[in-house]
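Protein chains: 2
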Amino acid sequence: MTELSPTPRTTLTREKERGVSDRAELMALLREGLIAHLGVTVGDGADAHPVVLPVAYAVEPDGPDRDGTLYVHGSVAAGWLRRTPGASVCVTVTALDGLVLARSAFNHSMNYRCGVVIGPVRLVDDPEEKAHALDLIVEHVVPGRAAALRPNTRKELAATAVLAVPLHEASLKTRAGGPEDDQPDIDAGYWAGHLPLRVVASPVVPDPAAPGPVPEHVQRRAADFA
Amino acid sequence: MTELSPTPRTTLTREKERGVSDRAELMALLREGLIAHLGVTVGDGADAHPVVLPVAYAVEPDGPDRDGTLYVHGSVAAGWLRRTPGASVCVTVTALDGLVLARSAFNHSMNYRCGVVIGPVRLVDDPEEKAHALDLIVEHVVPGRAAALRPNTRKELAATAVLAVPLHEASLKTRAGGPEDDQPDIDAGYWAGHLPLRVVASPVVPDPAAPGPVPEHVQRRAADFA
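Residue numbers (the numbering used here), protein chains in the order written: chain R, 384 to 609; chain G, 384 to 609.
Worth flagging that the hints you see were computed from the coordinates, not collected in a lab. If you're wondering where the values come from, they're calculated on a predicted model, not measured in any experiment.
Just so you know, same-sequence chains aren't split out, so a pair can sit in one copy or run between any two.
List of simulated lysine to any residue pairs, SDA-like, C-alpha gap at most 20 Å: (1) K556 / I418; (2) K556 / V459; (3) K513 / V438; (4) K513 / S487; (5) K538 / V459; (6) K513 / N490; (7) K538 / Q566; (8) K538 / N490; (9) K556 / G462; (10) K538 / D509.
Chain R with its partners taken away, still in its complex shape:
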């Protein structure tokens, strides 16, 4: 077990019983998640404010950054992306696992797993690392897919920016199970419970111009969301 939260920025200040310090659990969530919410600061001085956008991502536990690397990509034309390198960003991956319906509004909650990574952004310049990161992002969405695609063109690679964030500074917070109510509320006979939620897939929709059967790697991925 590798401890997480090595700095005050990612040390939980509240509900520490929901904090998890097992790096393997964080990595499992990051492997399972489909999108991350990337927070960047834009603007200067009094005008500075955060912007949070959903992004595709991938992780490389053996990446060149401390404790591994989280990669996101975007268009080089994206304004927020141009301003990012060198700055600290926050990458948050949340899996919503259910609604917790307690006997009081105060004890209502959600079941979730939430991983937060904070760190300085590095713009990936090295062509080999960049190509690897882009493959990882495609493979993160559908394992086996990178080998089924036509190769990236030089123009596409030039139009795509890849950003790397170290996985070093990270935390994981989770909640699971039913409501935790106060005994008087339980005794008073209010109903309570929880509603588990999960992401499922509808059948694959082949493109009208696509040949042949749905490839096996796509069928396998659909089965992950059965």
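On the provided structure of chain R, position chain G as indicated by the hints.
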């Protein structure tokens, strides 16, 4: 139709064909979403960095702020929350609708609806507005639930901070449908398609100490995720 994106901060700079300027569509997404990702800036000067956390929320189209109010709540003990009032925050609600598997890595995408609200945070002091906002947040999770709970105590209200963000400065970006590939890639016979995703519920899990049948308002909510 009310136009969105009234300021440069929420005017889309890229892929404008994916921008939607219908306020009704934004409100529909905000009503449907279960969690928001709230981005706040913490730290000062060179140490400033964004933190992005998942939060429960609700919207009041007739709220006291310009174009309506988005409410989030948190513990008064939460460090990030104490530093927030007056500052600009970003509240992002994303529905992931599917994976878009194109013929090239470059044209891979996701189907989604993403609403972004940026604005100054107001700490809700007025007891009536605060109680209304907390009811709205419970009702947002499960409509009909607020009336089924024991009332909030003064201690609980004192321990809960409610933040309000105007719905004025907002944008909505969406993508739907299959891949959009280049004709040479289509002609080359690569497979492509998309995998629709949605959130579903497993059966309600009553708390072991809960009396009687699952209440109707909870059954109705579970049916939303059938």
